[in-house]
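Peer 1: Based on the provided sequences and hints, a complete structural model is requested.
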Amino acid sequence: MPQLSGSVVLVTGANGGLGREFVEQSLARGAAKVYATTRRPREWHDARIVPLVLDVTDPNSIRAAVAQAPDVTVLINNAGIAVESDALLSLSNEEIRNVMETNFFGPVALTKAFAPVLAASRTSAVLNIHSALSWIALTGAYSSSKAALWSATNSFRMELTPQGTHVTGVHVAYIDTAMAEGVDAPKTTPEDVVRKSFDGLEQGDYEVIVDDITAGVKLGLSGAILDLYPALAANARA
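Sequential numbering from 4 applies to the sequence shown in our numbering.
Among the clues, some could well be false.
What the hints assert, rightly or not - Here are the simulated DSSO-like cross-link-like pairs (lysine-lysine), alpha carbons at most 27 Å apart as the crow flies:
#1 36 with 199
#2 221 with 199
#3 221 with 190
#4 115 with 199
#5 115 with 36
Note that these hints are calculated values from the structure, not bench results.
Peer 2: Quick look at the structure:
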């Protein structure tokens, strides 16, 4: 099973509240080095943290990151974006593509690029940050991108296991970060999200369900679609 102790971790989206927590808890669990990747470099006051410029939507940037981080053993695909109005019909095609590029194509391209690097370690891992919205379409573009990433994670899990790379997917509802600042609903702290994510990874879990909201959404997948989307039933009665 993968362990953080002695590992070399790469975190995408390290500037955000969740990304910073992944960097800090990686070190707290004994990581030897953490590549903290962002589109714009920032200073870190720890010699074990290596700032790395990375745009997950740019193939050249991804190739450069692989060249600069040839010793990675744990890849954390954390970077993600949402848009103010997420309904598919209200967004331009370009806006939808931007969400998909960051939330889906970026992590897929990064995982493909780092797969040979991870294969060099006997115990390597990929940790992908999904969402409860992977399983319920409350936001069109964001939900679509996270559902696609969930499916890709399942595929990567099957394809990377033979080389010894463990793949864990993390599903979580609202996190107390800037992305969910305007949401009036229960939120999980970044500290708890990362702690549960790393606990699951080190236990060899393939899936981490962080909170009760997410657990309820997953349970709803086995029921009738009208139970999952009450608005459809209301429309039908009208």
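Peer 1: Run every hint past the structure and note whether it holds.
Peer 2: Cross-check of the supplied hints:
Taken as a hint, the residue 36 and residue 199 pair is honoured in the structure, with Cα atoms around 21 Å apart against an allowance of 27 Å. At roughly 17 Å between alpha-carbon atoms, residue 221 and residue 199 fall within 27 Å of each other, so this suggested pair holds. As the CA atoms of residue 221 and residue 190 are separated by approximately 18 Å, the hinted pair is consistent with the 27 Å bound. Straight-line distance between C-alpha atoms of residue 115 and residue 199 comes to about 26 Å, which keeps the hinted pair within the 27 Å bound.
A distance of roughly 21 Å separates the Cα atoms of residue 115 and residue 36; the hinted pair therefore holds under the 27 Å criterion.
When held up to the earlier numbered hints, the structure conflicts with none and fits them all.
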